[in-house]
Each structure stands twice: as structure tokens, then as C-alpha cells.
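A.B. asks: These are the residues of each chain, in order.
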Amino acid sequence: MRSVRTLFILGSSLGLVTMLACKKPEPTPEPPPPVIVKTEPTPTEVKTPTVDSTNPADMSAAKYAEFQKAASLALKDINFDFDRSDIRDVDKPKLQAIASFMKSFGSARVMIEGHCDERGTVEYNLALGERRAVTAQNYLAGLGVNRDRLGTISYGKEKPKVMGQNEESYLINRRDEFKLQN
Amino acid sequence: MRRTLLGKFGKCFLAGGLSFLGVWAQAQSKPSGQSAPPKAGSQTEVTVDARQGKLGVGMPDPVLAGLDAANVAPNFTDVLRRDLEDAGPFALLKDKLPTSVAASTVKPWLDAGAEWVLALKVTKNGEAVTVALQVLDVKATAQGDGKQLRYAFSKNYTGNASLLRRIAHTLADDLVDRLTGDRGIANTRIVFVRQMAPGIKELFQVDRDGANPIELTRYGSLTLSPTVAPDGRLAYVTYKGGSPEIWGQKRPGSTHERLYPNAAAGTQGSCYAPVWSPDGKRLAFSQSDRRGNSDIVVLDVQSGRVRKLTDGGFINTSPSWNPAGTQIAFTSDREGGPQIYLMEEDGSNVRRLTVEGSYNESPAWSPNGAMIAYVSRFEGKFDLFIFKLGEGKAYQITTGVASSESPAWSPDERRLVFSSNRGGSMQIWTTDLSGNSVKRLSEFSYCQSAKWTRSR
Numbered sequence: 001m002r003s004v005r006t007l008f009i010l011g012s013s014l015g016l017v018t019m020l021a022c023k024k025p026e027p028t029p030e031p032p033p034p035v036i037v038k039t040e041p042t043p044t045e046v047k048t049p050t051v052d053s054t055n056p057a058d059m060s061a062a063k064y065a066e067f068q069k070a071a072s073l074a075l076k077d078i079n080f081d082f083d084r085s086d087i088r089d090v091d092k093p094k095l096q097a098i099a100s101f102m103k104s105f106g107s108a109r110v111m112i113e114g115h116c117d118e119r120g121t122v123e124y125n126l127a128l129g130e131r132r133a134v135t136a137q138n139y140l141a142g143l144g145v146n147r148d149r150l151g152t153i154s155y156g157k158e159k160p161k162v163m164g165q166n167e168e169s170y171l172i173n174r175r176d177e178f179k180l181q182n
Numbered sequence: 001m002r003r004t005l006l007g008k009f010g011k012c013f014l015a016g017g018l019s020f021l022g023v024w025a026q027a028q029s030k031p032s033g034q035s036a037p038p039k040a041g042s043q044t045e046v047t048v049d050a051r052q053g054k055l056g057v058g059m060p061d062p063v064l065a066g067l068d069a070a071n072v073a074p075n076f077t078d079v080l081r082r083d084l085e086d087a088g089p090f091a092l093l094k095d096k097l098p099t100s101v102a103a104s105t106v107k108p109w110l111d112a113g114a115e116w117v118l119a120l121k122v123t124k125n126g127e128a129v130t131v132a133l134q135v136l137d138v139k140a141t142a143q144g145d146g147k148q149l150r151y152a153f154s155k156n157y158t159g160n161a162s163l164l165r166r167i168a169h170t171l172a173d174d175l176v177d178r179l180t181g182d183r184g185i186a187n188t189r190i191v192f193v194r195q196m197a198p199g200i201k202e203l204f205q206v207d208r209d210g211a212n213p214i215e216l217t218r219y220g221s222l223t224l225s226p227t228v229a230p231d232g233r234l235a236y237v238t239y240k241g242g243s244p245e246i247w248g249q250k251r252p253g254s255t256h257e258r259l260y261p262n263a264a265a266g267t268q269g270s271c272y273a274p275v276w277s278p279d280g281k282r283l284a285f286s287q288s289d290r291r292g293n294s295d296i297v298v299l300d301v302q303s304g305r306v307r308k309l310t311d312g313g314f315i316n317t318s319p320s321w322n323p324a325g326t327q328i329a330f331t332s333d334r335e336g337g338p339q340i341y342l343m344e345e346d347g348s349n350v351r352r353l354t355v356e357g358s359y360n361e362s363p364a365w366s367p368n369g370a371m372i373a374y375v376s377r378f379e380g381k382f383d384l385f386i387f388k389l390g391e392g393k394a395y396q397i398t399t400g401v402a403s404s405e406s407p408a409w410s411p412d413e414r415r416l417v418f419s420s421n422r423g424g425s426m427q428i429w430t431t432d433l434s435g436n437s438v439k440r441l442s443e444f445s446y447c448q449s450a451k452w453t454r455s456r
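Keeping their order, the protein sequence lines are chains Z and B. The first sequence begins at 1 in the numbering used here and counts up one residue at a time. The second sequence begins at 1 in the numbering used here and counts up one residue at a time.
So that you can see chain Z by itself, here it is in the shape it has in the complex (with noise of 0.2 Å):
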């Protein structure tokens, strides 16, 4: 049984994930290698054994639209270099950033989905989209998010997000989409 988070907590973690994803990069330590983590959140004053406010389908519908709004503030695109599938030193606060999301809402699950540019064949693409999906799980795995909240899909050079064949489309389009499952 999971512990519960006062409206306050929930309000706060928010503005950590705000700040984290809207601050400028600062050198984030390599994560750990990825170790068997422990899911459950700090124990906190307040404590119910029967509500998860966490857990989507027990909150309210204003905890439910801050839920959301977490999301989407946290669940940002990271992008890769050309066939290459290792996180980019610019990301890795992109990843800081879903990561605590994830330890705030503690029930949240998230498909990673990877992408590829055009250029290349439909398979070795759908391959190297499941390197990036991959590559992000570990990651966010060894800043302690549990691997079994991070699936992992790849659609290849299948969904691009944008048209366009110039290197700034590229690159837009060369991404792990992290998408809430809840």
C-alpha cells in the first residue's frame, strides 16, 4: 500500500517538475547502472490505507487535471544524433524531469515510444527505434524509476512528427515520445 500526498506535496513536486523542465541544462550526473529500485515514494506525515491519490483512478478531477498537467509539462520529447540511439547530454534534464514525475505519481506508466527520420530502410529504422526506446528505460531506470511503469515501442521512421527534409525536421522527427498510459 502506497502512502498518500497531501494537495501541498502534490503542488510542490509540480513546481520541482516545472523548474526542472523549464530551467537551463546543468550537469546532471550519469545515472547509476540500473539496480532493482524500490518504488515505494518517502513516507510522509499523512497516511491512509485505503486512497492512493497517486493513482489515477482514485483522484479527484482537480487532482486528476494536475495530474495531467504534470504530464505534460514532464513527458517531453528527447531527440538522438543520426543512427545513434545514446541520450544526448542536453536531454538528460528532459529525462531528470520525467523521472521525478514518475516518483511523484508514483502509479503513473509511460510508454516510450522511439522514432526515426526519414532517411534509412522502414526495418533497420523500426530496429533503431527500439535501440532509442530502450535506451531511455535504462536511463530513467537508473535514476530510480521502477522498469516495469517504462514500456518501450518503437514505430520506426513510421509517425513522423513533422515533414520536411532538412536537418532541423530531422532531428525533430529522431525521438523517443514519452506517452502516459494512465
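If you're looking for bench data, these hints aren't it; they were derived computationally from the structure. Virtual Cβ for every residue (Gly too), placed ideally from N, Cα, C. There may be inaccurate statements among the hints.
[As the list claims (entries may be wrong)] A few chain Z residues facing chain B, derived, Cβ under 8 Å:
#	residue
1	61
2	123
3	135
Starting from the known structure of chain Z, fit chain B onto it as the hints suggest.
C.D. replies: Positioned in the frame of chain Z, the structure of chain B alone reads:
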């Protein structure tokens, strides 16, 4: 023509026309045992001339009985003319030609360069239609008394009037068989993926000439990578259940069902790039693991058992069987970028095939086993190449005008079908092996991953 390449890959590239002629020399020099037995009165001589060894063919408009010319032209005459032009061994004559086949027109046909003239009569009886074909042997007739017409080949075709188009294809294939002993491809289909809306792709098929489009799936989802078994059964990847799975047919004409993951499969991973084995019993495909790598596995479709062939902690995808079903070509990034490798069907004896370039993908083993077509990135563009196994050399087929992807062989091994954005959006095109004869298959936009089959 391929100047930019000659500098870098010098020895590997020949002028395009040579390989084209090479293919025909091969066709003409086939052992007679494999050719159609010569029939009485057939003395056609094949002359090599300015038409690159093609046989000059005249085809006046058919004589019609009980049919409207406005109906016959688009459904028969135009279809047959295009089939003959596309077939390869024929040069269809066009200018200043006689409009009939008679003793008086033998000399004009001869002067026009015709070796064969197709005399066609199309007759309608109720719902049935009969096409009577007589192939005038111009030289044999001219060498006689000039009055006695000599025919190389005669045949009647009867069917429902709605089948005129099919009759034209069959007739064209008969002419190819008659001349070369090879099976023609007029009566073939091309299966491909077509985007219906962003993120929604379905399988389609069209006739080889782009006619008769048929929607094969309607999942409202992402459906990719079709493969066609020798008996016409489909298999493909679809995301209709959320994650990519292998779906297809266990029996000819049966409903489509999930083939993998199945109940016997303990672990589950995303599945991509299925391809039927030449015997139609197995599917090779790529399955991802939890580390983001992918391996080539082979599924025995009836038993549901799978066998993993690669285990290297790398990307392994895009399998393609040799025609004997004893070897598999595939792509792997085990040495850095994607390169094409070969292995035995049990996964042993892995060896690298491609050595030039940093991105080689989508191997497609040719129907006769001597060539592997693939995609290579060269000077920032993706182009089709052919690796000739006997020579150990690669030849470039398409040249840098746009992206060219997903090559698949025509059943007669004379052309490749592929997807390219050379016309703007991705469409399906075909090319001969010289790269000089590139044709768009249909007007459909946002298409990819074509396969060419006799069996549908």
C-alpha cells in the same frame, strides 16, 4: 552516367547497358531442354540490331465482332501493348504501320522491321468473349511466295467479357514463353503498404501494370512489411493489437490470424521484417529483446516453434532466404553501421557480404540465387545496388536522384520493384537491372515495401 561512382568504386561498376544485355544473352542461351519445345512452322530468327536484340513486333488494332472499340481499347488493346513493351524481349513498332495482316501488307511490315505481327480478332458471344490470336512470321512469309501467310503461333482465348484484361496478360505471357522459353510476368501482382492517414498504413495489391487495386487489410492501424508465400499466403507486421506482431495466413485463402507471438512463445518482444521461406512453411523475422537488440528467428508456422539464429547483442534484422531455403541474408550492426551478412539456415557460418559503404540494408535474394539486391547509402542518398555473388562485386542500379528503398525482385528476375520519393512522395516504382528503365507502378502516394508475386 555513373561518373561519380567510378572514381570511388571503379572496378565494381560497369556501364548500365551491359548488364541489361547480359541478362538477355542469358535468356537466349538457355539450355534447350528448359525452353518450350519448338512447334511446327516456327522458324523465327532472333536478330540483334539497334533494338538491343529485341524482336520487332507489329500489332494492328484488333478486328472486333459484337464489341465496342471504346471498351476493347482500354481493357485489352492498350493492356496488351503495355505488357509487350514491358516484357523485355519485344520492340513494339509504332510509326507508319499497316493496319491489317494480309499478303499485301507483308512487305510493308517487313520494311517497318516487324518480325512478328499479331493478328487479333475479338468476338463477343453473350457474356463470353473469344480472342483469336495469329502471329504472322513476317520473314518466313516473305521468304516464301509472299502470298501464303506463315504463322509462328496461333491460339484462341475464351472467357467472361469482364476478363479481357486477364486474357491480354495471359496472351502476352504466352508470347514471351514462345520466344524465350521463360515465364512472362504480365500476369503478376505487386503487394505493398499504403498510408491511409498519418500513422495508419494498410496492405494493398495491384496488377503488375498498376490496375485492379485491392485493399488487403483494414485494421486502421500501422501495418508493415508484407511477404507473400509461394502459394499466395500473406504475412506481415501489424500494430493492431498495440505492439508489433506477425499476422498472416496459415492456409491459402484463410482468414488472417496472429502467427507470432503465439501460445508456445514464452517471451514476448516486438516482431519485424517477416519473410516466408521458399517452401512457405517457415517465417524468418526479427524479434527485439529487452536490451533493445534484435535477433533473427525462424518460426515453423504449423507447429508454432521458433528458433533463434543470432545471439550477438546487436541489431539483426531484414532476413532474406536464398531460393533453396538453406541460407539467410540479413542486416546487422555488429561491426558498427548496418552491413549485410550471410549465414546458414541454422545460424552457423556467419560472414559479411558488403564491404563498401557505411550503410547497407534490405537484402533481397534473387529468385535464381545469383544476386542480392540491397539499399546502400552513397553520398547522402539511398540507392539500390545488386551484389553478384559469382563475381563478388556490387553494381549500382539507381543513381542519387532521390531515396530508393526496399528492393524486391520480379519473378523473372529482370526487374526490381522498390519505393522512392523521386516523384515527390514515396511511391512504388520498378527498374530494370541497368537502372535505365525506371517506371512508376501507380499513382498512389505514401507507399512502401512492395513485393512482387505470381501467386495472388
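A.B. asks: Determine for every hint whether it applies to the structure shown.
C.D. replies: For each hint, the structure was consulted:
no., hint, result
1, 61, "violated (28 Å)"
2, 123, "holds (4 Å)"
3, 135, "holds (6 Å)"
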